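A.B. asks: Chain by chain, the residues:
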Amino acid sequence: MFRPQPRLTGMLPVLGLFLTLSSTAHAHMTVEGAGEIVNGVLHPLLTPAHVLILLALGLLLGQRVPLDLKRPLRVFAPASALALALTTTGKIPSVYQPMLIGIALCLGILVGLAVKLPRLGSGVICAVAALGIGLDSAVEIGSSFTVFKTLFGTWLSLNVAVTYLAICASHGADKPWARTGIRVVGSWIIAISLLVLAFSLRKIK
Amino acid sequence: MTTSLKRIPWQIPCLVLLVFLMPSTASAHTETGNVGGFLSGFKHPLTGLDHIVAMVAVGLWGAFLGGRAMWTLPVVFPVVMAFGGAAGVLGIPLPGVETGIALSGIILGLMVAFAARPPLWVAAVIVGFFAIFHGHAHGSELPEAANPLTYAVGFVISTGLLHLSGIAFGLLVKWPWGRIAIRTGGVAIAAIGFGFLFKII
Chain L
1 MFRPQPRLTG MLPVLGLFLT LSSTAHAHMT VEGAGEIVNG VLHPLLTPAH VLILLALGLL
61 LGQRVPLDLK RPLRVFAPAS ALALALTTTG KIPSVYQPML IGIALCLGIL VGLAVKLPRL
121 GSGVICAVAA LGIGLDSAVE IGSSFTVFKT LFGTWLSLNV AVTYLAICAS HGADKPWART
181 GIRVVGSWII AISLLVLAFS LRKIK
Chain Z
1001 MTTSLKRIPW QIPCLVLLVF LMPSTASAHT ETGNVGGFLS GFKHPLTGLD HIVAMVAVGL
1061 WGAFLGGRAM WTLPVVFPVV MAFGGAAGVL GIPLPGVETG IALSGIILGL MVAFAARPPL
1121 WVAAVIVGFF AIFHGHAHGS ELPEAANPLT YAVGFVISTG LLHLSGIAFG LLVKWPWGRI
1181 AIRTGGVAIA AIGFGFLFKI I
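Here the protein sequences come in this chain order: L and Z. Mapping of the first sequence onto this note's numbering: residues 1 to 205, in sequence order. Mapping of the second sequence onto this note's numbering: residues 1001 to 1201, in sequence order.
Read the hints as simulated data drawn from the structure, not as lab findings. Among these hints, one or two may not hold up.
[Stated by the list, open to error] Computed beta-carbon distance windows for the label pairs: (1) Pro1119(Z) / Glu140(L): 22 to 28 angstroms; (2) Val115(L) / Ile1180(Z): 40 to 46 angstroms; (3) Trp1175(Z) / Ile204(L): 49 to 55 angstroms; (4) Trp177(L) / Ile1180(Z): 34 to 40 angstroms; (5) Lys1043(Z) / Val65(L): 35 to 41 angstroms; (6) Pro1118(Z) / Glu140(L): 52 to 58 angstroms; (7) Arg119(L) / Lys1199(Z): 27 to 33 angstroms.
[Said to hold, decoys possible] Looking from chain L toward chain Z, a few residues come up when the C-beta cut is under 7 angstroms (computed): (8) Thr89; (9) Lys91; (10) Phe148; (11) Phe152; (12) Val184; (13) Ile192; (14) Leu195; (15) Ala198; (16) Ile204.
[To be verified] Result set (SDA-like, lysine to any residue): computed pairs, CA atoms no more than 25 angstroms apart in a straight line: (17) Lys1174(Z) / Arg202(L); (18) Lys175(L) / Lys1199(Z); (19) Lys203(L) / Ile1132(Z); (20) Lys91(L) / Trp177(L); (21) Lys175(L) / Lys91(L); (22) Lys203(L) / Lys1174(Z); (23) Lys1199(Z) / Gly1066(Z); (24) Lys70(L) / Lys203(L); (25) Lys70(L) / Leu117(L); (26) Lys1174(Z) / Leu113(L); (27) Lys1174(Z) / Asp68(L); (28) Lys175(L) / Leu1172(Z); (29) Lys70(L) / Ser200(L); (30) Lys91(L) / Arg183(L); (31) Lys1043(Z) / Ser200(L); (32) Lys203(L) / His1044(Z); (33) Lys1043(Z) / Lys70(L); (34) Lys175(L) / Val1097(Z).
Keep in mind the model is a prediction, meaning the values are calculated, not measured. By construction, the Cβ of each residue, glycine as well, lies at the ideal position given by its N, Cα and C atoms.
The shape of chain Z in the complex, shown without the other chains:
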């Protein structure tokens, strides 16, 4: 008993304690139109399959390329996406947003599927280009946020975690069967992109 208790990392009780410190409003009324707060921001990128697959694809491609690409692409995406999001929030129009988002799934998925290895800057430009569309879509969909800062924190962390899940998947590249799994994942992502482009999904 004593031994098993010693194995519990000391951070766990700290985290549990912090959960109790959260006021009740942290999770309340997020489904009733109140956009403010961390949870609303966190959930926002997770509500669209087209967004999810593209963000996972960024991490996946980065891990597949390896080296600096593994962190460069997931760094470029949220920063450029924030610029797109700012444009969306401010109401600056951007044509072809939905098409751009669907194309991002197709292009990024195909890059993974065909194991494309362009120079890093080319990969960064491709990822950054599509990040603008994703950011703009998110930004323009947002009504007046009750708490922009906690909303943005949740939004960015959620996006980052999607990249991280792609990177985690991409780390399977070490094994032959993993490469097949990753490239199959790329095909699936591209297929979903096609589905959104032609309104099948």
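So that you can see chain L by itself, here it is in the shape it has in the complex:
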């Protein structure tokens, strides 16, 4: 089995800090001076709703002992590729944001309860998460090649982020304090999602 490097866990605060980036940074933005691939890589990491889902999914997969990423990634990688490809057709409506938060809420509950999902369940969760994030990552401007490069960067970023977070989480599987910490993060994701859903409902009202 792959043994993660202890230093990998040190990246968690760095990823957490991405959540602090302000609102102007997250909506299909482009970082001036950065190439298309880099912009694609940064997109899910600078979109708070995507970060929440990726964080929750990574932690959920990492809670499973022993770590088995092959099966979930066999679903997540093609599903995210499919969703990103669908955005290029221009016929897919934009994803309803509370739906993304709803996915994060479900994942947060599973992390908080430390649920051991069956293979089918984890496959479905991965597919839903991948489709949600992928369909919300449309690139609106640029030539076909530019769009392709950006979406490739996004796809790479999504898969690396989930894999990395799962490996980090699995590293703490034998440490009670780390398992507790993961569940606490899950409860935070639940709380954040509930508050955001309430804000969304208020806007509807």
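With chain L held as given, fit chain Z onto it using these hints.
C.D. replies: Below, chain Z alone, put in the same frame as chain L:
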């Protein structure tokens, strides 16, 4: 020189680099009524002493009880608080919010002061009950947030860190003098709660 540089954790330069990636609007105009953004959410739980002492008390009591309570209480509080916050955001009325918040300081402070050790579920119910009042107060005080998600992230992380500070304080329970310090802290928290209940503070 080389040795001292090697001692710097590699995450530090990463964090510094990320700070430069933050756009300027991340910290701008948070004092002028724009509620959106992480910083506004982060600061919100820190603006009321009654909230602060209650949240610290949750962590403190959890650490004092030890075992599963140390993480159960800080997990229960934000989740239930979010339900209360949602009710507040949606304008669902809840009577006696300020009284409930003041009572939370008193009850939780007294639990710590008297080293009360109820069953875990009882402790969770007490903490959850008061979390509703705190959440409702926060939720109903919020005007239209420019960015609800980053606001909520800041809000929840700030609350969690307050619990964590209580847990850190509660870890002093290992030492005899630490137990005295913790119970004194409980008395102080209860006293602040009384102060808010009788409008002295």
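A.B. asks: Now, for every hint given, state plainly whether the structure supports it.
C.D. replies: To see whether the hints hold, each was checked on the structure:
1. Take proline 1119(Z) and glutamate 140(L): their Cβ atoms lie about 56 angstroms apart, and the range 22 to 28 angstroms is violated.
2. For the pair valine 115(L) and isoleucine 1180(Z), the supplied restraint of 40 to 46 angstroms holds, since their beta-carbon distance comes to about 41 angstroms.
3. Distance hint check for tryptophan 1175(Z) and isoleucine 204(L): the Cβ-Cβ separation is about 53 angstroms, which falls inside the suggested range of 49 to 55 angstroms.
4. At roughly 26 angstroms, the beta-carbon separation of tryptophan 177(L) and isoleucine 1180(Z) lies outside the given 34 to 40 angstroms, and the hint is violated.
5. Between lysine 1043(Z) and valine 65(L), the C-beta spacing of about 39 angstroms keeps the proposed range 35 to 41 angstroms intact.
6. The beta-carbon spacing between proline 1118(Z) and glutamate 140(L), approximately 57 angstroms, falls within the hinted interval of 52 to 58 angstroms.
7. In this structure the hint that arginine 119(L) and lysine 1199(Z) lie 27 to 33 angstroms apart at CB is violated, the actual value being about 59 angstroms.
8. Using the Cβ-Cβ criterion of 7 angstroms, the hint placing threonine 89(L) at the interface with chain Z is not satisfied: the shortest such distance is roughly 28 angstroms.
9. Checking lysine 91(L) against chain Z: minimum C-beta separation of about 27 angstroms lies over 7 angstroms; hint violated.
10. With its C-beta approaching chain Z no nearer than about 25 angstroms, phenylalanine 148(L) sits outside the 7 angstroms limit, and its interface hint is violated.
11. Here the hint on phenylalanine 152(L) is broken, as its CB sits about 22 angstroms from the closest CB of chain Z, past 7 angstroms.
12. The restraint placing valine 184(L) at the interface with chain Z holds, with a minimum CB-CB distance near 6 angstroms, inside the 7 angstroms limit.
13. Residue-level restraint check for isoleucine 192(L) holds (minimum Cβ-Cβ distance to chain Z is 4 angstroms; threshold 7 angstroms).
14. Hint status for leucine 195(L) relative to chain Z: holds, with the closest Cβ pair at about 4 angstroms, below 7 angstroms.
15. For alanine 198(L), the suggested interface contact is upheld, since its CB lies about 3 angstroms from the closest CB of chain Z, less than 7 angstroms.
16. With 7 angstroms as the threshold, the beta carbon of isoleucine 204(L) stays out of range of chain Z, its nearest partner Cβ sitting at about 10 angstroms, so the hint is violated.
17. Restraint check for lysine 1174(Z) and arginine 202(L): the C-alpha separation of about 47 angstroms exceeds 25 angstroms, so the hint is violated.
18. Between the alpha carbons of lysine 175(L) and lysine 1199(Z) the distance comes to roughly 46 angstroms, so the proposed pair goes past 25 angstroms and is violated.
19. Between lysine 203(L) and isoleucine 1132(Z) the CA atoms are separated by roughly 22 angstroms; this keeps the pair inside 25 angstroms, and the hint holds.
20. Distance hint between lysine 91(L) and tryptophan 177(L) is unfulfilled; the C-alpha atoms sit about 47 angstroms from each other, more than 25 angstroms.
21. For the hint pairing lysine 175(L) with lysine 91(L), the CA-to-CA distance comes to about 47 angstroms; that exceeds 25 angstroms, so the pair is violated.
22. About 49 angstroms separates the Cα atoms of lysine 203(L) and lysine 1174(Z), which puts this hinted pair outside 25 angstroms; it is violated.
23. Proximity of lysine 1199(Z) to glycine 1066(Z) is assessed by CA-CA distance (about 34 angstroms); at most 25 angstroms being required, the pair is judged violated.
24. A hinted pair counts as satisfied when its Cα atoms are at most 25 angstroms apart, and lysine 70(L) with lysine 203(L) does not qualify at roughly 41 angstroms.
25. For the hint pairing lysine 70(L) with leucine 117(L), the CA-to-CA distance comes to about 15 angstroms; that is within 25 angstroms, so the pair holds.
26. About 29 angstroms separates the Cα atoms of lysine 1174(Z) and leucine 113(L), which puts this hinted pair outside 25 angstroms; it is violated.
27. For the proposed pair lysine 1174(Z) and aspartate 68(L), the alpha carbon gap of about 39 angstroms is over 25 angstroms, so the pair is violated.
28. Between lysine 175(L) and leucine 1172(Z) the CA atoms are separated by roughly 22 angstroms; this keeps the pair inside 25 angstroms, and the hint holds.
29. Restraint check: the Cα-Cα separation between lysine 70(L) and serine 200(L) comes to about 36 angstroms, which exceeds 25 angstroms; the hinted pair is violated.
30. Note on lysine 91(L) and arginine 183(L): the hinted pairing is violated, with a Cα-Cα distance of about 39 angstroms set against a maximum of 25 angstroms.
31. The suggested pairing of lysine 1043(Z) with serine 200(L) holds, with an alpha-carbon distance near 22 angstroms, which does not exceed 25 angstroms.
32. A hinted pair counts as satisfied when its Cα atoms are at most 25 angstroms apart, and lysine 203(L) with histidine 1044(Z) qualifies at roughly 21 angstroms.
33. Between lysine 1043(Z) and lysine 70(L) the alpha-carbon distance is near 42 angstroms, which puts this suggested pair outside the 25 angstroms criterion.
34. Restraint check: the Cα-Cα separation between lysine 175(L) and valine 1097(Z) comes to about 39 angstroms, which exceeds 25 angstroms; the hinted pair is violated.
Hints 1, 4, 7, 8, 9, 10, 11, 16, 17, 18, 20, 21, 22, 23, 24, 26, 27, 29, 30, 33, 34, counting from the list given before, are not met by this structure.
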